[in-house]
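Heads up, the sequence shown stops at 279 in our numbering, and the numbers go up one at a time, no gaps.
Please keep in mind that the hints were generated in silico from the structure rather than gathered at the bench.
For each residue, glycine too, the CB sits at the ideal point set by N, CA and C.
Watch out, some of these pointers could steer you wrong.
Pair ranges (Cβ atoms, derived) [stated by the list, open to error]: (1) Asp197 / Glu93: 55 to 61 Å; (2) Leu215 / Ala248: 26 to 32 Å; (3) Thr222 / Pro187: 33 to 39 Å.
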Amino acid sequence: MRSVDVRTRTGADVRAVDTGAFFEDELPALLASRSAVAVPGARALKVRPFAFDVEGRAWTLALADDDTLTVRPGLDDAAAIAKLDAVGLHDLVNDLRTPMGFFTGGDLDMPLGRLEHFLDWWVVLRSVLDDRPAHTPGAVDLREPDGEPLDLGRSFTLDDDPEAISHFLAEAGFLHLTGVFDETEMAAVSAEMDAAVPGYAQGDGRSWWAKTHDGVDRLVRMQRFQVESPTAASILADERL
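Kindly produce the complete structure, drawing on both the sequences and the hints.
Structure representation (structure tokens):
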């Protein structure tokens with residue numbers, strides 16, 4: 039089966055990152071050699087100069103008027119600044135953390151600009167580091183094996199041709215399988231969900247809650263539900279999965 043994975047990292051992929059060497063040697067060389075994969079995306083995102091302040095040392099990334107990507111020391115002209123420590127830079131370069139990860143982790147430090155500015159430049163930075171084109175509008179052209187447009191409304195069953203299923207998943211990035219489970223199984227899971235609700239509480243570290251329009255906090259996600267649900271546990275062990 040074709041893989042749709044372009045992000046998985048292993049321990050062997052994680053490398054040391056020297057702050058000075060990265061911004062002064064490695065990144066300038068990558069911006070020069072891989073600009074073709076990143077500049078169209080940077081242009082589409084209309085990125086403005088963005089600075090990294092790493093433990094008091096700063097560099098600013100910019101898309102120049104001649105459509106070249108540059109990095110230079112200092113904060114001059116930066117429209118947004120992200121402050122990181124050396125560990126944070128290491129994790130960002132190695133794709134262990136993302137701007138959204140810093141945000142949800144509560145340690146995003148941006149004295150200037152907004153999260154979306156960081157997210158836009160992260161797309162450009164990852165494009166350069168991974169040598170993978172940044173997305174631009176209209177760049178995705180999903181096709182059947184015979185070259186015809188891919189039918190994104192198509193569903194499959196477990197009896198369909200594995201190659202057809204594989205192609206659709208790799209091309210579209212998602213897959214709808216129908217008839218995998220029957221109504222009796224799903225009714226049992228639903229009943230066991232209702233029965234498990236009293237065992238979860240806000241702040242328990244294993245559930246998510248949301249406040250509805252009537253002001254009531256409601257359980258919206260149960261982690262490790264299979265421990266509470268014999269049917270779910272059985273389904274997870276089933277060869278259909």
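In rising order, the numbers of the hints this structure does not comply with: When the structure is compared with the hints, none of them turns out to be violated.
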